[in-house]
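Novice: Take the given structure of chain A and dock chain B to it, following the hints.
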Amino acid sequence: MEIKILKNVMIKNDAIGNDNRLLFRKHNIFSLNIMSSPGAGKTTLLENSLSYLNKKYRIAVIEGDLYTSRDAERLSPFDIPIVQINTDGGCHLDARMIHGALQSIDLNNLDMIIIENVGNLVCPASFDLGEKIKVLVYSITEGADKPKKYASMFSNVDAILVNKIDLATICNINLEMVCAEIKEINPKAELFQISATNKNTLNSWLSWLDNKKAID
Amino acid sequence: MHEASLAHYALEILNETIKNDSSLNDKDIKKITFSVGKFSNVYAESFEFYFSELIKNTKFTSAKLEFLNSDENGFFVSSIEVDE
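Protein chains in written order, with this note's numbering: chain A, 1 to 216; chain B, 217 to 300.
With the rest of the complex left out, here is chain B:
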């Protein structure tokens, strides 16, 4: 259930990234990669469900979501992939 809160936090981070880099304004976001730590208490499938709903009709709507397992503690927005 708390994955819903995390989806909101993640979208805020992504929006800030776009806002702080004007060169990204007209670029399509192709992929968003998340890193899921061992004890992060995050169930990626559940997060993906909420996050996908949240980004509908936003700049991120057609981005592919990728989740990589990690030994590092915590749940991270790792990177985005944009059109050249």
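Chain A on its own, in the form it takes in the complex:
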């Protein structure tokens, strides 16, 4: 006798993701989940974005890494609440981990939570954390072939920051072609060309974030 179940396996994660979403809404907190490969520039982007965002909003950061608290230490000069999650080899953050981290943050005095996911261009795409906005940092030094190879990640985000554009010539990358291919995979995502080490290239990204926060 066959018994139908028809349940999405992610339902367990997504239920906790929804709890997180309700918690963010209740406290009027705007949340974003930043994903990328290892070394694509998430933490550098955070450092150079926080110097602007930190003046406007009360922010907390959740850092996801397999091991070490190096990223949390890099952000410590901003004097904001930072929770470091170590996954001990785990390849992504899940909703349960975020729910746990939220217990140690005072949500009553916060405008924004930024989650820096584990560096991985595959698994984090599958796990809803309850965030409002999903952001992908894609470094062109990874190669122009990556958007189509990692289509599940590229197609599942609200914004894509094409990073390290200052190295395009050295890496023999045609930026126009890369961006056209990304647009093909995800026509809805907002696309920014940045060099995370250069704050002057972050203005459009930060204005977009301001707008998203304003209408949240």
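Everything labelled a hint here was simulated from the structure, so no lab data went into it. Check the hints yourself; a few may be wrong.
[Claimed, not checked] Derived contacts from chain A toward chain B, CB cut-off under 8 angstroms, selection only:
#1 L6
#2 K12
#3 I16
#4 K56
#5 D94
Predicted, not measured: the structure shown is a model, and the values here were computed from it. Glycine included, every Cβ here is placed at the ideal spot set by N, Cα and C.
Specialist: Just chain B now, with coordinates in the frame of chain A:
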């Protein structure tokens, strides 16, 4: 690697199914069928490896595992087959 997490989620779903239907308590589970969507980011072989370890010494230990490809998004526990 995330297939290990998914194996835990899947087992939770199956345990709940058994818990919610007392008529299944004394039945042997012969087969568990999963549906693997196109962009589900699930590598069935890897999932099977973790899941098989997880169900050792449980009610599901001797169940045959079946994976069907699907165009639908997502990775589903589709059905179980039990003794009449």
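Novice: Could you check if A/K12 really has its C-beta closer than 8 angstroms to a C-beta on chain B?
Specialist: A/K12 check passes; min Cβ-Cβ to chain B is 4 angstroms, inside 8 angstroms.
Novice: Does A/I16 pass the interface check with chain B, least Cβ-Cβ distance below 8 angstroms?
Specialist: Where the cut-off is 8 angstroms and the nearest Cβ of chain B is about 11 angstroms from A/I16, the hint is violated.
Novice: Does A/L6 pass the interface hint, meaning its C-beta sits closer than 8 angstroms to a C-beta of chain B?
Specialist: Given a least distance of 6 angstroms, the restraint on A/L6 holds.
Novice: Double-check A/K56 for me: the hint is only fine if its C-beta lies closer than 8 angstroms to a C-beta in chain B.
Specialist: For A/K56, the interface hint is violated, since the closest Cβ of chain B sits about 35 angstroms away, which is over 8 angstroms.
Novice: Once the shortest beta carbon distance from A/D94 to chain B is found, is it less than 8 angstroms?
Specialist: Where the cut-off is 8 angstroms and the nearest Cβ of chain B is about 6 angstroms from A/D94, the hint holds.
Checked against the numbered hints given earlier, this structure breaks hints 3, 4; the rest are met.
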